[in-house]
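Asker: Below, each chain spelled out in residue letters.
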Amino acid sequence: MLPELERELEEYKQARLKQIEQTVTRVVEEVSQEVLNKSLSVSDHENLVIQSLEKAKKEGIFG
Amino acid sequence: MDSMDQIDFSEFFKTQVEAKDFSSRLSTISEMIFQADFDINRVLTDTLGLKKKEKFLALLRDNSINTESKESLKDFLKQLQDKVSSIPVLSVVLAFDAREESLQVITQWFFINMKKQMLLDVKIDKKLVAGAAIYYSGKYLDYSIKSKFEEVLKKVLETKNEPINEEKVVPAAPVQAEFLALGRH
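Sequence order for the protein chains is A and B.
Under our numbering, the residue at position 58 of the first sequence is numbered 1518, and the numbers go up by one with no gaps.
Under our numbering, the residue at position 148 of the second sequence is numbered 150, and the numbers go up by one with no gaps.
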């Protein structure tokens, strides 16, 4: 009985740890996305948009 | 290429919504032309506002339109409306709340690099982090740094999940610098 309980407990623990890890990863991803987004100046954003347009132009997207 | 192709409308509008509004105002002016008390200066001020009135008068002069000739004026307004409706629309998703100046930067880029104006249909999605995604001619293309950002973040998180080893600690500042450099290739 005891080994069975220990196994179930370990499975539960691993499942919960995995769940926590996924949640933490998601939160870190969302927060870091937002922090980086906000840390850029308008001028940085404009430059990166222009670089996006340059890439699109190189690929012939605009004809 | 006729003279209409050379007109930079960006002082009047940059977005699809603004272009529709401008065209609607041209219709209003056009409807008034043959009224007995038609006064081009007054009508332009009332319809476009003082600042745009001056720009519109300059546009009339640049195209040698005789404002005394109601027919010429009406024809020119019609040509302008046709031109406005033929400007292609570029749907662009940005990662920041673009101001008027930012839209001007994008519009000017098209004038300088593609020799044409695009009507911007702007949406905001901060999950793109930076850069832009565009929808044009039926194609959606994501040129934002989102995917690169996720890739770098994944590597950082994997590093953090490894047993602590001082040699593998990634300093914070260079990571951000790497993100910033992603869109500049």
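Note that these hints are calculated values from the structure, not bench results.
Treat the hints with care, since some could be wrong.
[Stated by the list, open to error] EDC-like mimics (lysine to aspartate or glutamate), calculated; alpha carbons at most 16 Å apart, straight line:
{"no.": "1", "chain 1": "B", "residue 1": "Lys156", "chain 2": "A", "residue 2": "Glu1470"}
{"no.": "2", "chain 1": "A", "residue 1": "Lys1498", "chain 2": "B", "residue 2": "Asp127"}
{"no.": "3", "chain 1": "B", "residue 1": "Lys129", "chain 2": "A", "residue 2": "Glu1489"}
{"no.": "4", "chain 1": "B", "residue 1": "Lys55", "chain 2": "B", "residue 2": "Asp41"}
{"no.": "5", "chain 1": "B", "residue 1": "Lys125", "chain 2": "B", "residue 2": "Asp84"}
{"no.": "6", "chain 1": "B", "residue 1": "Lys85", "chain 2": "B", "residue 2": "Asp144"}
{"no.": "7", "chain 1": "A", "residue 1": "Lys1478", "chain 2": "B", "residue 2": "Glu160"}
{"no.": "8", "chain 1": "B", "residue 1": "Lys129", "chain 2": "B", "residue 2": "Asp84"}
{"no.": "9", "chain 1": "B", "residue 1": "Lys22", "chain 2": "B", "residue 2": "Asp84"}
{"no.": "10", "chain 1": "B", "residue 1": "Lys162", "chain 2": "A", "residue 2": "Glu1519"}
{"no.": "11", "chain 1": "B", "residue 1": "Lys54", "chain 2": "B", "residue 2": "Asp77"}
{"no.": "12", "chain 1": "A", "residue 1": "Lys1518", "chain 2": "B", "residue 2": "Asp144"}
{"no.": "13", "chain 1": "A", "residue 1": "Lys1498", "chain 2": "B", "residue 2": "Asp41"}
{"no.": "14", "chain 1": "B", "residue 1": "Lys72", "chain 2": "B", "residue 2": "Asp23"}
{"no.": "15", "chain 1": "B", "residue 1": "Lys128", "chain 2": "A", "residue 2": "Glu1489"}
{"no.": "16", "chain 1": "A", "residue 1": "Lys1515", "chain 2": "B", "residue 2": "Asp144"}
{"no.": "17", "chain 1": "B", "residue 1": "Lys54", "chain 2": "B", "residue 2": "Asp84"}
{"no.": "18", "chain 1": "B", "residue 1": "Lys76", "chain 2": "B", "residue 2": "Glu33"}
{"no.": "19", "chain 1": "B", "residue 1": "Lys148", "chain 2": "B", "residue 2": "Asp123"}
{"no.": "20", "chain 1": "A", "residue 1": "Lys1517", "chain 2": "B", "residue 2": "Asp144"}
{"no.": "21", "chain 1": "B", "residue 1": "Lys128", "chain 2": "B", "residue 2": "Glu160"}
{"no.": "22", "chain 1": "B", "residue 1": "Lys150", "chain 2": "A", "residue 2": "Glu1490"}
{"no.": "23", "chain 1": "B", "residue 1": "Lys141", "chain 2": "B", "residue 2": "Asp123"}
{"no.": "24", "chain 1": "B", "residue 1": "Lys55", "chain 2": "B", "residue 2": "Glu73"}
{"no.": "25", "chain 1": "B", "residue 1": "Lys129", "chain 2": "A", "residue 2": "Glu1481"}
{"no.": "26", "chain 1": "B", "residue 1": "Lys150", "chain 2": "A", "residue 2": "Glu1494"}
{"no.": "27", "chain 1": "B", "residue 1": "Lys162", "chain 2": "A", "residue 2": "Glu1494"}
{"no.": "28", "chain 1": "B", "residue 1": "Lys156", "chain 2": "A", "residue 2": "Glu1468"}
{"no.": "29", "chain 1": "B", "residue 1": "Lys128", "chain 2": "A", "residue 2": "Glu1490"}
{"no.": "30", "chain 1": "B", "residue 1": "Lys148", "chain 2": "A", "residue 2": "Glu1490"}
{"no.": "31", "chain 1": "B", "residue 1": "Lys118", "chain 2": "B", "residue 2": "Glu33"}
{"no.": "32", "chain 1": "B", "residue 1": "Lys54", "chain 2": "B", "residue 2": "Asp64"}
{"no.": "33", "chain 1": "B", "residue 1": "Lys157", "chain 2": "A", "residue 2": "Glu1471"}
{"no.": "34", "chain 1": "B", "residue 1": "Lys80", "chain 2": "B", "residue 2": "Asp123"}
Asker: Next step is simple, just say for each hint if it's right about the structure.
Answerer: To see whether the hints hold, each was checked on the structure:
no.: 1; hint: Lys156(B) <-> Glu1470(A); in the structure: violated, 27 Å
no.: 2; hint: Lys1498(A) <-> Asp127(B); in the structure: holds, 13 Å
no.: 3; hint: Lys129(B) <-> Glu1489(A); in the structure: holds, 10 Å
no.: 4; hint: Lys55(B) <-> Asp41(B); in the structure: holds, 13 Å
no.: 5; hint: Lys125(B) <-> Asp84(B); in the structure: violated, 26 Å
no.: 6; hint: Lys85(B) <-> Asp144(B); in the structure: violated, 29 Å
no.: 7; hint: Lys1478(A) <-> Glu160(B); in the structure: holds, 14 Å
no.: 8; hint: Lys129(B) <-> Asp84(B); in the structure: violated, 37 Å
no.: 9; hint: Lys22(B) <-> Asp84(B); in the structure: holds, 12 Å
no.: 10; hint: Lys162(B) <-> Glu1519(A); in the structure: violated, 37 Å
no.: 11; hint: Lys54(B) <-> Asp77(B); in the structure: violated, 20 Å
no.: 12; hint: Lys1518(A) <-> Asp144(B); in the structure: holds, 14 Å
no.: 13; hint: Lys1498(A) <-> Asp41(B); in the structure: violated, 49 Å
no.: 14; hint: Lys72(B) <-> Asp23(B); in the structure: violated, 23 Å
no.: 15; hint: Lys128(B) <-> Glu1489(A); in the structure: holds, 13 Å
no.: 16; hint: Lys1515(A) <-> Asp144(B); in the structure: holds, 10 Å
no.: 17; hint: Lys54(B) <-> Asp84(B); in the structure: violated, 20 Å
no.: 18; hint: Lys76(B) <-> Glu33(B); in the structure: holds, 9 Å
no.: 19; hint: Lys148(B) <-> Asp123(B); in the structure: violated, 21 Å
no.: 20; hint: Lys1517(A) <-> Asp144(B); in the structure: holds, 13 Å
no.: 21; hint: Lys128(B) <-> Glu160(B); in the structure: violated, 24 Å
no.: 22; hint: Lys150(B) <-> Glu1490(A); in the structure: holds, 15 Å
no.: 23; hint: Lys141(B) <-> Asp123(B); in the structure: holds, 15 Å
no.: 24; hint: Lys55(B) <-> Glu73(B); in the structure: violated, 20 Å
no.: 25; hint: Lys129(B) <-> Glu1481(A); in the structure: violated, 21 Å
no.: 26; hint: Lys150(B) <-> Glu1494(A); in the structure: holds, 15 Å
no.: 27; hint: Lys162(B) <-> Glu1494(A); in the structure: violated, 20 Å
no.: 28; hint: Lys156(B) <-> Glu1468(A); in the structure: violated, 31 Å
no.: 29; hint: Lys128(B) <-> Glu1490(A); in the structure: holds, 10 Å
no.: 30; hint: Lys148(B) <-> Glu1490(A); in the structure: holds, 11 Å
no.: 31; hint: Lys118(B) <-> Glu33(B); in the structure: violated, 29 Å
no.: 32; hint: Lys54(B) <-> Asp64(B); in the structure: holds, 15 Å
no.: 33; hint: Lys157(B) <-> Glu1471(A); in the structure: violated, 27 Å
no.: 34; hint: Lys80(B) <-> Asp123(B); in the structure: violated, 24 Å
Violation of the numbered hints given earlier is confined to hints 1, 5, 6, 8, 10, 11, 13, 14, 17, 19, 21, 24, 25, 27, 28, 31, 33, 34; the remaining hints are satisfied by the structure.
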